[in-house]
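K.L.:
Protein chains in written order, with the working numbering: chain A, 1 to 506; chain B, 1 to 153.
Errors might be hidden in some of the hints.
[Said to hold, decoys possible] The calculated lysine-lysine pairs, modelled on PhoX-like cross-linking and capped at a C-alpha distance of 25 Å, are:
1) LYS351(A) / LYS140(A)
2) LYS428(A) / LYS58(B)
3) LYS144(B) / LYS283(A)
4) LYS79(B) / LYS66(B)
5) LYS66(B) / LYS201(A)
6) LYS427(A) / LYS144(B)
7) LYS427(A) / LYS79(B)
8) LYS428(A) / LYS144(B)
9) LYS58(B) / LYS427(A)
10) LYS140(A) / LYS427(A)
[Stated by the list, open to error] Between beta-carbon pairs, the in silico distance windows are:
11) VAL124(B) / THR197(A): 32 to 38 Å
12) GLY188(A) / LEU151(B): 40 to 46 Å
13) PHE106(B) / LEU7(A): 52 to 58 Å
14) PRO289(A) / ALA86(B): 50 to 56 Å
15) GLY142(A) / ILE136(B): 44 to 50 Å
16) GLY188(A) / LEU17(B): 24 to 30 Å
17) ILE136(B) / SER460(A): 56 to 62 Å
Simulated from the structure, these hints should not be mistaken for laboratory data.
Just so you know, these numbers come straight off a predicted model, no measurement behind them.
C-beta atoms are modelled at their ideal positions from N, C-alpha and C, and glycine is treated no differently.
Here's the letter readout for the chains.
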Amino acid sequence: MGFENLLAGFQVALQPHNLLLAVIGIALGTVVGVLPGLGGANGVAILLPLTFSMQPTSAIILLTSLYWGALFGGAITSILFNIPGEPWSVATTFDGFPMARNGRGGQALTAAFTSSFVGALFAVALITLFAPLLAEVALKFGPPEFFAIQLLTFSSFVGLGGGSPLKSLVSILIGFIMATVGLDIVTGTLRMTFGITDLMKGFDFIVAVIGLFGIGEILLTMEEGLAFRGASAKMRPRVVWDTWRILPRYWRTFLRSCFIGFWMGFKPGGATPASFMSYSFAKRFSKHPETFGQGDIEGVVAPETAAHAAGGASLLPMITLGIPGSPTAAVMLGGLIIWGLQPGPMLFKEKPDFVWGLIASMYTGNVIGVIMVLAFVPLFAAILRVPFAILTPLIVSVCAVGAYSVNSRMIDIWYMLIFGVIGYAFKKLDYPLAPLVLALVLGDLAENALRQSLIMSQGSLLIFLQRPISGAITAVALFFFALPVITPWWRRLRGLPAVAVSPRET
Amino acid sequence: MRAADLTTAAVLIAGGLLVMWDSLRIGIGWGTDGPRSGFFPFWLGVIMVGACLVIAAKAYRRADRKPFVRRGAIAPVLKVLLPATAFVLSIHWIGLYVATTVYMGFYMRWIGRHSWASVVVMSVAVSVVTFYVFEIWFLVPMPKGPLETYLGY
Chain A
1 MGFENLLAGF QVALQPHNLL LAVIGIALGT VVGVLPGLGG ANGVAILLPL
51 TFSMQPTSAI ILLTSLYWGA LFGGAITSIL FNIPGEPWSV ATTFDGFPMA
101 RNGRGGQALT AAFTSSFVGA LFAVALITLF APLLAEVALK FGPPEFFAIQ
151 LLTFSSFVGL GGGSPLKSLV SILIGFIMAT VGLDIVTGTL RMTFGITDLM
201 KGFDFIVAVI GLFGIGEILL TMEEGLAFRG ASAKMRPRVV WDTWRILPRY
251 WRTFLRSCFI GFWMGFKPGG ATPASFMSYS FAKRFSKHPE TFGQGDIEGV
301 VAPETAAHAA GGASLLPMIT LGIPGSPTAA VMLGGLIIWG LQPGPMLFKE
351 KPDFVWGLIA SMYTGNVIGV IMVLAFVPLF AAILRVPFAI LTPLIVSVCA
401 VGAYSVNSRM IDIWYMLIFG VIGYAFKKLD YPLAPLVLAL VLGDLAENAL
451 RQSLIMSQGS LLIFLQRPIS GAITAVALFF FALPVITPWW RRLRGLPAVA
501 VSPRET
Chain B
1 MRAADLTTAA VLIAGGLLVM WDSLRIGIGW GTDGPRSGFF PFWLGVIMVG
51 ACLVIAAKAY RRADRKPFVR RGAIAPVLKV LLPATAFVLS IHWIGLYVAT
101 TVYMGFYMRW IGRHSWASVV VMSVAVSVVT FYVFEIWFLV PMPKGPLETY
151 LGY
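Here chain A stands alone, though its shape is the one from the complex:
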């Protein structure tokens, strides 16, 4: 049954104008991924208002292509400039940049793009298999189950996200509180507006994304001082071909990284730990671990494959459950709502052409993507050689345009600026931004699920533990929430030394 649906999806994805949109999306995405201060989430947020008048399927194809492009773009800056554009490309710099410095930049880039392609394709294949099954299961879910899944999503930020767990929790709460500002559509009450008319419509998460990630990131980049001293890469067909000939030797690394990536990635915030984990596994299983960090091609293959498998996997909960796994997926989810689609398991029943068009476009988008980046690497790398006195005002004004176009409200541009300062300060103080954005997006859904559950149980919170599915999910969520407390206690009990705080996702 899945196969015919996929074929029908390809008929949608292979329509000429959808292919053209994929090409545009990949090109824009790569540019956005290369530019400091802009990333996948931002690019999608800025472009979203332009898709309001488009067909939903075409719109989502444009946005997912942009997402893939941004993932590819991150690899370019990591390898050629030693600047990880995204947190999950950090591990790629370990061996990618030394390779580029030794004149093997072309080889490193080819390996990175090919690994990304393999990882993403693996994830998409698994999505094709599992999404319909998961959606089928999810159809039986009621409000308590949905609230339990939300709890699980946010608990994994607290328990597994790294950094300070309390600050992760506070970020989530800030997001949820901001989501409640304005008119409560269930009771018609105004909340936290304090008589200010501008607060009545609440905060738009797109504006928050543009400010927190866009403006905040520019401020951080400026503080660290911009220094783009890149290695140059010559991409000749010969280099690509030679690299492709040796890559199959690393099939074990590919396979292992694919599984690590997918497993980590369908939980939120998984791409970065997946890339690090995959890198250290590759090193451990390697016959010559001492070459890692000096420019070993396997050190590029492992993190890139895992990061992209995780990036693809983060779309699985978005299309089946309506719960995004990453900020970029969150922005896309917001897009679905704006285009008049109800995210969640019903989507497979009600809009099969949309879902399968989207899944098929992930295949086509990746094929187009890998060809385009291989062909145009020098062009994309040249973007970083544009003087920053041009890049900075350009990025700020593009962000302003994006923020305004969401609701055509001047106040949103001010919010963007304020969010920018908040993003800058939070990043320095180790308050994570991704859970804040996710909570802001999911706030209304979470509150409604909680309300309906409590109405079902007449006010008893035990309903989340009494129903079998929601009980199991809630138990895991509570375990994750408790993990930061349990771990040090457990280690002390076993006489192990305390672990250093792991680095933070996004």
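Starting from the known structure of chain A, arrange chain B on it as the hints suggest.
P.N.:
Quick look at chain B alone, frame taken from chain A:
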């Protein structure tokens, strides 16, 4: 970093208390058909105040003398932030397109010391391209000022 951590926690605690106060005003109990509007935000506020108190206590005990912003690093940050604020402010009067031109031009000349020719070409080009993409192509209107009115848009 310690002072910044404490300040942030204090601001968040104040915010949390404000949320709780407003939620109490609209009711946090059981209404005629389920929890009232203040229920969800009230408990969010409670947990946030609690978490921030612990964060503040931890930050207070830690002797972290590292400054929030390195000396000499605040200038480049302000050099981005202040022109950006001026840019947003000016949109109110002269519209987004003219403001973009002025902002691009000012920044390129002041920070980048680019030649006047490239300053003019670049800043005008960015505005014109934005105008065509948003106003004409995708029909997404941007804030406009006297110049656009004069040109008949």
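K.L.:
Does the hinted range 52 to 58 Å hold for PHE106(B) and LEU7(A) at CB?
P.N.:
holds, 55 Å
K.L.:
Are the Cα positions of LYS351(A) and LYS140(A) separated by 25 Å at most?
P.N.:
holds, 18 Å
K.L.:
Decide if the proposed pair is consistent with the structure: LYS79(B) and LYS66(B), CA atoms, cutoff 25 Å inclusive.
P.N.:
Holds - the C-alpha atoms of LYS66(B) and LYS79(B) are around 23 Å apart, at most 25 Å.
K.L.:
Please check whether GLY188(A) and LEU17(B) have a Cβ separation lying inside 24 to 30 Å.
P.N.:
holds, 25 Å
K.L.:
Can you confirm whether the C-alpha distance between LYS428(A) and LYS144(B) stays at or below 25 Å?
P.N.:
Violated. LYS428(A) to LYS144(B) sits at ~36 Å, over the 25 Å cutoff.
K.L.:
Taking the Cβ atom of PRO289(A) and the Cβ atom of ALA86(B), is their distance within the range 50 to 56 Å?
P.N.:
holds, 54 Å
K.L.:
Hint check: LYS66(B) vs LYS201(A), CA-CA at most 25 Å. Holds or violated?
P.N.:
violated, 40 Å
K.L.:
If you draw a straight line from the CA of LYS144(B) to the CA of LYS283(A), is it 25 Å or shorter?
P.N.:
Given that 25 Å is the threshold and the Cα spacing comes to 57 Å, the pair is violated.
K.L.:
Quickly compare the C-alpha distance for LYS140(A) and LYS427(A) to 25 Å and report which way the hint goes.
P.N.:
Roughly 39 Å separates the two Cα atoms, so the pair is violated.
K.L.:
Is the straight-line distance between the alpha-carbon of LYS428(A) and that of LYS58(B) 25 Å or less?
P.N.:
Holds, at roughly 17 Å.
K.L.:
Between GLY142(A) and ILE136(B), does the C-beta distance stay in 44 to 50 Å?
P.N.:
48 Å Cβ-Cβ, so the 44 to 50 Å window holds.
K.L.:
Do the Cβ positions of VAL124(B) and THR197(A) conform to the proposed distance bound of 32 to 38 Å?
P.N.:
holds, 37 Å
Checked against the numbered hints given earlier, this structure breaks hints 3, 5, 6, 8, 10; the rest are met.
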